[in-house]
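*Asks:* So the chains spell out like this:
2 protein chains.
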Amino acid sequence: MTSATTLTGHKFERQFFEAVVKRRLFFTETFDIYRLSPNFKGDNRGLFDYGPPGCALQANIVDAWRKHFVLEENMLELDCTVVTPEPVLQTSGHVDKFADWMCKDPIKGKPTASGDYLRADHLIENVLKARLDRGTGGLTKDAPKLDQATIDEYNNILAKIDNYDGDGLAELIKQYDIRNPENNNEVLPPVPFNLMFKSTIGPSAASPVYLRPETSQGQFLNFKKLLEYNQGSMPFASASVGKSYRNEISPRTGLLRVREFLLAEIEHYVDPDKKQHLRFGEVSDVILPLLDRETQLAGKTTPQKLTVGQAVELKIIDNETLGYFLGRVLLFLQNIGVDLSKVRFRQHLANEMAHYACDCWDAELLTSYGWVECVGCADRSAYDLTVHSKYTGASLTVKEALPEPAKVEEWQATLDKKLVGPRFKKDAKAVQTAVEELDQTTLESLATELAEKGVVAIKTPGLADGSTSVALSKELLFIAKVTRQVNTREYTPNVIEPSFGIGRILYSLLEHVYWSRPDAVERAVLSLPLAVAPNKPIAHRISTRLRKLGVANMMDSSSASIGKRYARDDELGTPLSVTVDFDTLKYGSVTLRERDTMRQVRGPEDDVVRAIKGMVDGTDTWEQVLNRMP
Amino acid sequence: MTSATTLTGHKFERQFFEAVVKRRLFFTETFDIYRLSPNFKGDNRGLFDYGPPGCALQANIVDAWRKHFVLEENMLELDCTVVTPEPVLQTSGHVDKFADWMCKDPIKGKPTASGDYLRADHLIENVLKARLDRGTGGLTKDAPKLDQATIDEYNNILAKIDNYDGDGLAELIKQYDIRNPENNNEVLPPVPFNLMFKSTIGPSAASPVYLRPETSQGQFLNFKKLLEYNQGSMPFASASVGKSYRNEISPRTGLLRVREFLLAEIEHYVDPDKKQHLRFGEVSDVILPLLDRETQLAGKTTPQKLTVGQAVELKIIDNETLGYFLGRVLLFLQNIGVDLSKVRFRQHLANEMAHYACDCWDAELLTSYGWVECVGCADRSAYDLTVHSKYTGASLTVKEALPEPAKVEEWQATLDKKLVGPRFKKDAKAVQTAVEELDQTTLESLATELAEKGVVAIKTPGLADGSTSVALSKELLFIAKVTRQVNTREYTPNVIEPSFGIGRILYSLLEHVYWSRPDAVERAVLSLPLAVAPNKPIAHRISTRLRKLGVANMMDSSSASIGKRYARDDELGTPLSVTVDFDTLKYGSVTLRERDTMRQVRGPEDDVVRAIKGMVDGTDTWEQVLNRMP
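These protein sequence lines are chains V and F, in that order.
For the record, in the first sequence the residue sitting at position 401 is 401 according to the working numbering, with numbers rising by one throughout.
For the record, in the second sequence the residue sitting at position 561 is 561 according to the working numbering, with numbers rising by one throughout.
Think of the hints as simulated: they come from the structure by calculation, not from any bench.
There may be inaccurate statements among the hints.
[To be verified] List of simulated lysine-lysine pairs, DSSO-like, C-alpha gap at most 30 Å: (1) F:Lys564 / V:Lys243; (2) F:Lys198 / F:Lys224; (3) F:Lys22 / V:Lys390.
[What the hints assert, rightly or not] Using C-beta positions, here's what the derived DEER-type ranges look like: (4) F:Arg599 / V:Gln276: 40 to 46 Å; (5) F:Gly93 / V:Pro38: 46 to 52 Å; (6) V:Asp273 / F:Ala520: 42 to 48 Å; (7) F:Ile562 / V:Thr253: 44 to 50 Å.
The C-beta atom is built at its ideal place from N, Cα and C for all residues, glycine as well.
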């Protein structure tokens, strides 16, 4: 499947879909009345508010996520602050590396809808796609037709567009004469733009802070406390749901590229030598559509269907723990109503990966905007814990007793301190530090050299006379292999991180469950599953009874016709509607209507309340209700 | 009650309490390993992370809040962005007025623990309280004893400390020789410090934004869409739960004064002429401890106990809607386990109120830090909707059809355009605008003057010759009373805003439910009610069964003794513990232990699971379980 369709397989017409979500206030541009006001100047793109049904849908998705991951696996949930001091993000690499490549349109006085700044990779993508669509080679309609070689060339670039760095993007812009499509201006070469929002904390303005771009850093910094809380037992996971921020260069495409968004993230801490997973068997038969690195670099886009078990065995997925989470992600998406025929797992290309990741698979969902990254599963290795530990001096490791003591052979260097002191005087300490910091490989080769030549040069920083190394003879330096007994093992855990963009999932889900009644394209329905649907309109007394049972619902006492009310329910994705009419007063019976089939049953109020509660809890189904009620 | 006690009425020892919440990771200072690192410089005070039990307790309190308010009254919940463009907060008054008074300690080279900046009102409060505690009149121990008149004077200032503006605070600092208590330095006069975090959005740096200091503005800006969503029906409420930010000058006192915090806010939109509330009867008998403005200005602090009904009748509480919410707030606090003997409702003093409020009552909870504002109930009148409407030009009003057409008598001014044009030439338009903008009171007095003198002066801005008024004779201007028929009424709703600081409520609640076993002060218990307690430790199979029923729980498979495990459960506030032992394997029976009474029952696994689920749902009680199980 490569282009978006409605749930019933018809062409997806975005303008009808957008009219529904706007009319029903699922979400709306933030500060709309300001944006539309002639007095307002400034940039407020990429910010969205969720209205009542969107807010409820979002809460239900997060609730389902918590049950599926956090509660199911006893993950340790945290709520960390968004405001983050600069040194933390300096250490994590975000201050230096968390950037996109940006091109400025230098020609003043011609402001474009997208502003004067363009994200370089998106610019190239848009221009090449437009050329492919038009079938021409250049900027104008009259440009010569594209030949097959050029078409292949463009498609090849597009398939690996995420793999270009700044120089690569600059080269493409030059080679293919890429310009601002809105005004045909040439653009300046790409420069990096850091995506974090910056501020200062406290009254003195001397303490810079950023809004976190991900929830993970707060989790990592609590690692030692969490390990203690978990009574020292490994592996375990922490989890966090919270707002995160990225100052996108040029946000468009609605909810899919926003500057403030809800992330739900899991950090699973695992022994790097034991990446098996205890519950792997539960997901090993789940079938995943996998688009690996090699396939993409070959310019192809058709995923391979493999079970999690096969993919791990074939080493397409690196290890059991990563495979386990990819399987669990698919099951979660299925639970909340995502169309599985519109899901694929795509492996990141080498240059595309975040600076902290050593491998990454994205769960992508097909929408009318193309394939959208909704869940990222990164293997962050020991990167974060290592850098934070180095900066702060805090130990972020796991120590475990070995089942039995082990013998370790290692190279050891010893200095004759009696001779070194008088020989190097003030430099003696620098020499000693340099020797202590030699690694095993270096020691091994130095041992050979020392035996052969009787003297070696050791790189030594901080010498008084400004030279960079010292010569040590075998009288001063002694290198030998020794055997040491160890009773414990100390390691920095690796981190597997499934990271969920809740807003993107919510938007893609809405596209997936959208369809129209066959008789009229404007009669829209959102077939959201009962577990996540915002609410269930109902009459007053029944509403009160369901509320007491914890079932979210909405009463519609307007004077609208019954047809209009049902249409409203359909567009809100309301799975069940109860109608109270004259017969209710007379016989105490009410009508229960199911959204997708539009079929109705009639029965006593008590039976209907019990049926609704049962269906919400998952202990009853509409088919069973249909069978037993008239 | 004026000083903090444990739940069992013993002296509250903060160091023991803090040890428990720290040990059990309810919350912890953010970026702790950075704060403790010698490499770290900068300010990260006032930021806290919630660990697993704190995070669960917070989620349960928010869940209880949603059920009690949002679900119960069909409020329209929104999730709006934190990032807010400057014009919005300029219009709302926050850019100019959302500030605290700050004193700088000018002496360099002597950094104090609290930094170089002090919040003026807190500084005065701390110094005067210390003098009262010491019983001396000045900075040193040897200063003369306080006489009764001075003691009364100090107490009087403290009772109304929130009522001083910048000049008032400066005067107090001078008059009472208030100095930085940490180093005895004199401080500079107070200056305003804006409490909002500032940043910029987009790549051009030309668009300043702030982190919202409250969730309300996003709700107000969606008013028109919400009114439509609610099918035009009034009154109704919107609600929002989300992070908000205040760059506090000098945060101390743990969770009680933080720079990033969770707010749960309700904006109830009501016709200013109809502030009755349909469900007022449900709370009119609830008894509130009220500390009104007059009592405080008299220097007194003893609240008056009145029912909501009495307080509204006596006009102590302004109207039914405000009274309704104060009653509902008390019931909510009771639900989640707050000690009602440690609650009071305090009315804001005139200068203390936020710039947008015309009346405000705080629900304050007694803690070891004194009385803490946890819920604010402000009447924001039509302030916010009016200013946003004025800036944007968007209509933020309600139009309602009158039950029958009404006749309105009003003064009307008419200019003879044929004469005005030639007479005033270029100024004619300015004159016409000036006349159109005259209000009813002015028109009435002008009518009399015109009849008496035959000519009136009208203030007219923008005249060509720079003069400020024109003379209009009765030949040019005609003023008369006319009768007009109107079919609709248009009004800007008033807003009643109950605003909940979730972190403060959580902290105060923890203090309220804390006590020690009589035999040992270090054996701490947190008697959190079942509805909000973080979790319920349990053995594996039972854990799985309860999880399927949606009951959050935690399994403890450590090798710790049963006594240590129960102690851990007590400190986590875990209401029920299940123990699986050798008898379980033999007879299939397990032990269920209740936290507060430490009593245990033993029974088959099925019965115990059913009992736990029943107690969590509120359909069963521990007393009933005790009665039917051995």
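*Asks:* Against this structure, judge whether each hint is valid.
*Replies:* Here's how the hints hold up against the structure:
Distance check on the hinted pair: lysine 564 of chain F and lysine 243 of chain V sit about 38 Å apart at the alpha-carbon level, beyond 30 Å; violated. Proposed proximity of lysine 198 of chain F and lysine 224 of chain F is supported: the alpha carbons are some 28 Å apart, at most 30 Å. A C-alpha spacing of about 25 Å is found between lysine 22 of chain F and lysine 390 of chain V, which places the hinted pair at or below 30 Å, so the restraint holds. At about 43 Å, the CB distance of arginine 599 of chain F to glutamine 276 of chain V agrees with the hint of 40 to 46 Å.
A C-beta distance of roughly 22 Å is found between glycine 93 of chain F and proline 38 of chain V, which places it outside the suggested range of 46 to 52 Å. The hinted window of 42 to 48 Å between aspartate 273 of chain V and alanine 520 of chain F holds, with their beta carbons roughly 44 Å apart. Taking 44 to 50 Å as the suggested C-beta distance range, the pair isoleucine 562 of chain F and threonine 253 of chain V does not conform, at roughly 57 Å.
Hints 1, 5, 7 from the earlier list are contradicted by this structure; the remaining hints agree with it.
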